[in-house]
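Those protein sequences? They're chains A and B, same order as listed.
Be aware that the first sequence starts at 1, since it is given in the working numbering, and climbs by one per residue.
Be aware that the second sequence starts at 1001, since it is given in the working numbering, and climbs by one per residue.
Simulated from the structure, these hints should not be mistaken for laboratory data.
In this text, a Cβ means the ideal position worked out from N, Cα and C, and glycines have one as well.
Mixed in with the good hints there might be a few duds.
To give an idea of the interface, some chain A residues facing chain B are shown, with a C-beta separation under 8 Å as derived from the structure [claimed, not checked]:
id, residue
1, A51
2, N52
3, W74
4, P81
5, E97
6, K105
7, G106
8, W221
Label pairs and their computed distance ranges (CB to CB) [as the list claims (entries may be wrong)]:
id, chain 1, residue 1, chain 2, residue 2, range
9, B, D1085, A, N114, 38 to 44 Å
10, B, L1083, A, G222, 49 to 55 Å
11, A, K89, B, A1137, 35 to 41 Å
12, A, K89, B, T1236, 53 to 59 Å
13, B, R1130, A, E72, 45 to 51 Å
14, A, A174, B, K1082, 38 to 44 Å
15, A, E115, B, L1261, 38 to 44 Å
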Amino acid sequence: MKKIIEIKDLGFDYGEGWVFHKLNLEITEGDFVAVIGANGAGKSTLLKMLANVIEPTIGEIIYYGTPISEFENWERIGYVPQNPGRAQKNFPISVREVVGLGLLKGNSLIHRFNEEDKKAINEIMERFDLTDLRYRKIGELSGGQQQRVFLARAMVKQPKILLLDEPATGIDTAAKADLYAMLKKINREQGVTIIMVSHDLELAADAAQNALCLDHGICFWGEVHAALKHHHKHGYFYR
Amino acid sequence: MIEMFEMEFMQRAWLAGLIMAVICPLIGSFLVLRRQSLIGDGLGHIAFAGVAGGALFGYSPVLSAAVATILGALAIERVRVKLSDAADMVLAIFFYSGMGLAVIFTSMNKEGGFNLGSILFGSLMTVSSRDLLIVAALGLCTVLFVILYYRPLQYLTFDETSAKVAGLPVDKLNMLLAVLTALTVALSMRIVGLLLVSAMMVIPVACALQTAKSFAQTILQSMAYGIIAVALGLTTSYYANLAPGGTIVLTCTALFMVSTLLGKKKTGNKPAPTPCAHCKVCEEEAKNEG
Chain A
1 MKKIIEIKDL GFDYGEGWVF HKLNLEITEG DFVAVIGANG AGKSTLLKML
51 ANVIEPTIGE IIYYGTPISE FENWERIGYV PQNPGRAQKN FPISVREVVG
101 LGLLKGNSLI HRFNEEDKKA INEIMERFDL TDLRYRKIGE LSGGQQQRVF
151 LARAMVKQPK ILLLDEPATG IDTAAKADLY AMLKKINREQ GVTIIMVSHD
201 LELAADAAQN ALCLDHGICF WGEVHAALKH HHKHGYFYR
Chain B
1001 MIEMFEMEFM QRAWLAGLIM AVICPLIGSF LVLRRQSLIG DGLGHIAFAG
1051 VAGGALFGYS PVLSAAVATI LGALAIERVR VKLSDAADMV LAIFFYSGMG
1101 LAVIFTSMNK EGGFNLGSIL FGSLMTVSSR DLLIVAALGL CTVLFVILYY
1151 RPLQYLTFDE TSAKVAGLPV DKLNMLLAVL TALTVALSMR IVGLLLVSAM
1201 MVIPVACALQ TAKSFAQTIL QSMAYGIIAV ALGLTTSYYA NLAPGGTIVL
1251 TCTALFMVST LLGKKKTGNK PAPTPCAHCK VCEEEAKNEG
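Looking at chain A on its own, in the form it has when it is part of the complex:
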């Protein structure tokens, strides 16, 4: 399998000591990685670094052989931040508008949606069962529906890598199961590489292939069911 993400000697410090230090990892194409660990272990920090939202203190991230600072093909990366809908509860934006935002790229500042774009938006809404909700305001939807909208926004440009920051937070168990089933389908059928920060190893285990446990460094990296077995026996992988 082709390696598409390389993490070399990565470290991050908010100014109060290392969140993690000397992280080394390679992620291959088509993998589905669940990033787990206790609160404050650096899971979301790692994801934000992969999304280039924050810069590492030391070390580097390489996408498709190109250091992240020089990487330009951001349309290959889809990103779903933590609780995006809840943060914008009263924002006057329709489901269709949110999904359409996913088509914007760095080089398309003056962006007018052409017929192809409109077709892509309609298709992705159909696929994520959002067509009936297209004119509803995002804040009117349930947590599970909002998460489908943000997933559709990330998927509308057909990315190769999907970065998800605790996508199941704040949604009920049934919606969580639907969400993980949807992610599994995206990974297995479309070959999209997924890196997902998660607290529900049990639920995520069916969808993910590998687990990365962080505790200020890597304390487990391997097959997800082995991680689950260990987790049942000993809890998290504290070093």
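Use these hints to put chain B onto chain A, whose structure you have.
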């Protein structure tokens, strides 16, 4: 009614007012939705310092106000990005410092050089052709900026982090928006006054938020509310012999109350029902209601 438009100064007042009614809510939509509703007010304090400084050192008050507000807006934007958790506190420090500077400049100035009343409350009835030209140019730039960059601006207003991940030049767009906000405050101050500029940036948007269902509707409706407020306000002030600036602001407030009622009526004051794709009970209920 026609008689009001026979006088040249009223024609200019109407034109300037209507241009302000479009550009203030247009820029204000982005500010209010980014929870920066008070930035217009704050920049007003800084503009006041600019006017007072200009009068003291012998520069054009409008030019010095424009320079001061642009520098202030860029500094506030940088602080907002660096210290997002304490942004409102730092914003307040900027505002009070602007006011402090204005007081010092005013006390040092023994020769006058500007009319405090017209800076704070504007003098819509004394708008000159030159003022009108400046505001029209600003209006054109603002409308073009929003039309050209509508979607990136929408993205960074809604979810700045994801816009950054998508590769959009978020910092540059934020800076451009800050400069346009500063220019709107500084150049409109002579016409509608510092107090009215910020009111026109916020209240029409607040009205639109009660009734709009999408981002595009919010922008269009806020401009419509702005135009209605200026038209009603100017007409009332003309016939009732009231101050135009204050009448326009109070008309905006009245419109806000009306829009709140309209918004409640539209949604029935409760969230719309969520369709359920898999639930038989919901399907039955929908059939019965249908």
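* Hints not upheld, ascending by number -> Violated: hints 8, 10, 12.
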